[in-house]
Amino acid sequence: MIIEQIDAPLAGSLLPTLTGNYYTSHDIFVQEQELIFEQMWFCVLRASDIPGSGDYQTVQVGRESLIVSRNRRKEIRAFYNVCRHRGMKICAEPSGTGKRSFQCGYHAWTYDLDGKLIAAPNLTKMPDIDRDDFGLRTVHVREWLGYVWISLADEPPSFDDTVLAEVTTRLGVVENLDHYEVDTLAVGKRVTYEVNANWKLIIENFMECYHCATIHPELTEVQPEFADGLAAQVFVNHGAEFGSDIKGFTIDGSPGVALLPGIDPDQNRKYYAITVKPQVFINMVPDHVIFHRMFPVSADKTIVVCDWLYLPSVVESGVDLTKSVELFNRVNLQDFEACELTQPNMSSKVYEKGGVLVPAEHHITLFHEWVLGMLGHDGASVGE
Amino acid sequence: MIIEQIDAPLAGSLLPTLTGNYYTSHDIFVQEQELIFEQMWFCVLRASDIPGSGDYQTVQVGRESLIVSRNRRKEIRAFYNVCRHRGMKICAEPSGTGKRSFQCGYHAWTYDLDGKLIAAPNLTKMPDIDRDDFGLRTVHVREWLGYVWISLADEPPSFDDTVLAEVTTRLGVVENLDHYEVDTLAVGKRVTYEVNANWKLIIENFMECYHCATIHPELTEVQPEFADGLAAQVFVNHGAEFGSDIKGFTIDGSPGVALLPGIDPDQNRKYYAITVKPQVFINMVPDHVIFHRMFPVSADKTIVVCDWLYLPSVVESGVDLTKSVELFNRVNLQDFEACELTQPNMSSKVYEKGGVLVPAEHHITLFHEWVLGMLGHDGASVGE
Amino acid sequence: MIIEQIDAPLAGSLLPTLTGNYYTSHDIFVQEQELIFEQMWFCVLRASDIPGSGDYQTVQVGRESLIVSRNRRKEIRAFYNVCRHRGMKICAEPSGTGKRSFQCGYHAWTYDLDGKLIAAPNLTKMPDIDRDDFGLRTVHVREWLGYVWISLADEPPSFDDTVLAEVTTRLGVVENLDHYEVDTLAVGKRVTYEVNANWKLIIENFMECYHCATIHPELTEVQPEFADGLAAQVFVNHGAEFGSDIKGFTIDGSPGVALLPGIDPDQNRKYYAITVKPQVFINMVPDHVIFHRMFPVSADKTIVVCDWLYLPSVVESGVDLTKSVELFNRVNLQDFEACELTQPNMSSKVYEKGGVLVPAEHHITLFHEWVLGMLGHDGASVGE
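Chains as they are written, first to last, in numbering that gives the first Met the number 0: chain Z, 0 to 383; chain C, 0 to 383; chain G, 0 to 383.
Check each hint, because a few of them may be wrong.
Pairs of lysine-lysine, DSSO-like flavour, derived with a Cα cap of 27 angstroms [said to hold, decoys possible]:
(1) K276(C) / K300(C)
(2) K348(G) / K115(C)
(3) K276(Z) / K115(C)
(4) K124(C) / K300(G)
(5) K300(C) / K348(G)
FYI, nobody ran anything at the bench for these hints, they're computed from the structure.
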């Protein structure tokens with residue numbers, strides 16, 4: 000899976016991008032909802048957001064509103080937020096705590112925390128209602144890295160062959176991520192961004208560092224090799240090293256907080272990044288992990304939720320995380336502005352056949368081919 | 000027209016609803032505009048809203064803006080609000096009083112109160128302008144219950160076979176409504192609601208009372224039988240009786256105002272409801288009538304105007320109507336919130352084949368079959 | 000090109016207009032963007048808006064964002080505002096001054112003021128990038144009357160046969176416009192209007208004066224012949240004469256400012272108007288020129304930018320231009336309100352086959368035929 004020889008990525012020829020319509024067409028976005036977001040494993044929330052039995056959040060995946068909650072045994076369950084009777088939203092609020100059951104506010108059909116229909120007015124007089132058949136429709140759930148991943152597919156893809164394979168591709172082995180013990184960390188900060196750009200522009204931006212010297216002065220100060228334009232993601236298990244005078248992954252290079260105890264000595268003073276298609280970015284530095292979830296809303300709008308994860312003891316101590324958070328918050332704002340200034344031109348005649356990828360961006364071609372494959376557009380080659 | 004035996008409606012099997020797309024599709028909404036709202040008798044305003052000659056209101060029916068006014072003989076007339084010359088809106092304001100004629104603000108083409116073209120610059124030099132042919136295009140008008148009903152159809156449907164038949168179906172004979180002398184009443188209160196839901200959800204909600212126990216605590220307090228889930232509309236000429244300790248149809252069961260003198264003794268202490276498809280609800284209680292007009296705006300938006308009608312002497316007396324109005328105002332708000340929480344799920348995969356109607360809702364099937372028939376979708380059976 | 004005999008225009012028969020869908024259809028608007036606005040000479044800005052080398056403005060023509068600027072030799076150049084690499088907007092701001100080059104804010108691809116690619120990270124290592132081929136895509140530019148006109152066509156239409164021919168049609172010879180020396184004038188006032196109407200309604204409105212008596216009391220006071228309903232545009236080189244008690248083209252007929260020195264004695268005390276399809280109006284009076292540029296945004300929205308141009312000495316003197324500007328500002332507001340009250344009815348059933356043109360408006364038929372011809376809708380005759 001190494002795209003280029005290590006001495007090659009800065010030189011050579013150009014490759015085409017996707018054509019402009021892939022970033023603007025409502026029809027293609029609907030295909031992406033149906034064939035990508037409503038099929039693949041999709042990361043919806045942090046498990047600690049719903050700590051207790053009957054705690055819930057509602058989330059939007061593709062075109063669907065879902066309830067993610069925990070049953071009496073505190074196991075995570077996810078349901079379509081749709082009453083099986085007349086279709087009203089079971090949960091109208093974005094979150095809630097400690098429910099004993101889910102009751103529809105319209106006709107009081109009531110479901111237990113595993114989704115089974117347990118009560119409804121006159122239910123006993125309606126013999127042909129099977130309480131399981133008329134339960135809330137469930138979706139597949141996985142917990143990994145302390146996050147809840149769901150799949151709306153009847154038969155979800157293999158978690159190993161999709162999510163975990165992304166980690167292997169980047170880090171060689173999943174163990175290199177395990178060292179960060181991401182599931183044990185606490186959320187020190189969460190920022191939600193509304194980005195007026197197609198989700199694929201955000202992924203492409205995240206995958207390459209050819210733009211780093213131009214728009215990320217603070218980041219390239221911390222990681223000088225980024226000024227050369229090569230993303231850490233170009234090479235297997237490559238981490239971008241901190242500059243010699245840099246004390247921590249902070250906005251001004253000042254010291255960070257307590258190191259994550261499990262990381263390998265080789266992982267200290269380095270930044271790693273993983274793109275988990277279709278909507279997660281994982282960024283690892285020695286003292287924290289920055290975790291992005293994207294929620295594509297339309298062809299030209301994407302919500303991005305970004306968590307900064309630290310050791311629980313760090314978060315509990317109340318130590319000032321401002322400088323730590325601000326580095327990647329600024330990177331996010333810089334990246335999203337670039338995406339927003341790119342989005343409107345996707346409909347230009349000049350971009351009708353797409354743009355070009357320079358050698359340092361060639362690995363984005365793999366993403367484009369993946370998109371076309373998922374949409375069954377294999378006949379259409381990139382750039383045509 | 001009795002859908003169920005009186006002992007049956009609470010028990011039995013399930014029926015399907017319309018499929019979700021009927022509540023979300025713009026194309027189907029356009030068909031409804033063309034084949035339902037722009038064809039049937041459509042109730043636009045209360046005749047007393049335009050008391051005098053040349054008083055007018057503009058109203059929106061389907062895709063058309065209309066002027067409803069009175070001519071010199073105070074007869075009601077309705078016109079398309081479109082100048083026959085270059086198409087400008089004749090009346091730009093929502094209402095006005097005492098006009099002698101309608102003059103277009105663009106080129107001064109002028110029409111009399113019957114719509115005839117009576118003046119225009121250079122008109123006498125243009126011999127091929129027939130002043131009737133180039134008059135404002137008129138629409139059919141009926142006055143009934145003190146309301147103005149119009150039809151945009153070239154040949155309107157029979158008023159008897161449509162509007163009045165709805166009354167007969169519910170009350171057995173139209174005389175049972177005549178007793179309320181609705182045309183003689185005065186508007187004590189008018190409230191306009193903007194509801195983010197398809198008009199059919201609002202009708203379905205109005206037709207059934209399976210939801211009453213859940214969302215209408217004040218209403219079921221006044222009419223205890225509603226707590227059982229059976230709408231008054233299920234049985235011919237059935238009125239829902241007030242609870243024994245209830246003194247009037249008010250938010251707290253306190254006494255109402257002066258009884259309507261014409262009602263039958265059997266109609267005292269009872270609530271009756273009629274759905275007049277496609278957009279009117281009539282609610283009768285002993286001391287007032289509550290009259291809803293719906294103006295569907297789009298597949299997911301409907302304006303509802305609700306009048307509370309009392310004896311003119313009651314309105315003139317200035318007696319406090321707050322408690323009287325507040326009962327159904329609260330019912331409206333409760334119902335419309337339920338519709339608004341149902342609307343977004345109409346596009347869910349879970350509702351692709353629709354939901355289910357319990358026995359107490361089975362009469363809604365007749366409404367669904369009517370919709371499909373009006374749209375010429377008879378091939379498509381409900382629930383498929 | 001005289002449409003009617005001079006004694007005819009107030010009498011006679013009616014002609015049809017375009018059908019309503021030409022003013023509401025998104026599809027037809029897209030055709031207009033492709034075949035009219037993105038093909039013809041389109042007036043974008045006043046040359047004095049970008050006086051110096053490297054000064055620029057961004058403008059929207061059809062579906063495209065463009066940069067209009069001056070190179071080192073102060074020659075005007077225009078480019079698509081699209082980086083040739085990944086498509087970001089080169090200029091994110093609406094205007095700027097004194098740039099030495101255009102650098103994309105995303106990956107620092109840099110173009111000189113003639114659009115040539117002159118720098119990019121690692122550019123020297125990418126031998127297959129031809130710096131001309133990967134330059135900013137240029138568009139054709141003309142300067143005339145002190146305005147910049149551009150064409151996005153690969154082969155623009157003849158300026159003589161389109162823009163100048165409009166002047167000849169109206170004034171007989173271009174020299175009759177040359178006398179005003181429009182290119183030497185200074186902008187005394189600029190007003191931008193957002194009009195919720197189709198661009199063709201605005202043109203039709205400008206072409207006829209049958210509405211003048213109704214909506215332009217101030218204008219008909221200054222030019223009494225307009226009260227008869229005949230636009231100056233109906234006759235070749237006809238100027239509408241000021242009323243005998245009128246001292247200048249001002250809101251109250253009070254004296255204007257210094258006369259334009261080059262005008263013909265015959266042009267004094269007269270108003271002339273030219274429609275330069277598809278988006279410019281030129282109005283000439285003895286002491287100033289009023290110049291409209293339209294930027295169609297959608298089928299029902301148009302931005303209009305109006306300049307009031309005076310002798311530079313007048314503008315520099317700081318003399319109060321309020322009364323001078325207010326006359327046509329008021330005319331604009333009156334016209335645009337009429338267009339906005341016409342637009343909604345273009346979708347009415349009553350306007351399905353269009354409206355009618357009275358004799359004084361018959362010359363608008365030429366505009367309608369031109370539109371149909373440009374769109375290749377010749378089969379569809381006006382009014383069907």
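Here is what the structure says about each hint:
| no. | hint | result |
| --- | --- | --- |
| 1 | K276(C) / K300(C) | holds (18 angstroms) |
| 2 | K348(G) / K115(C) | holds (19 angstroms) |
| 3 | K276(Z) / K115(C) | violated (67 angstroms) |
| 4 | K124(C) / K300(G) | violated (36 angstroms) |
| 5 | K300(C) / K348(G) | holds (22 angstroms) |
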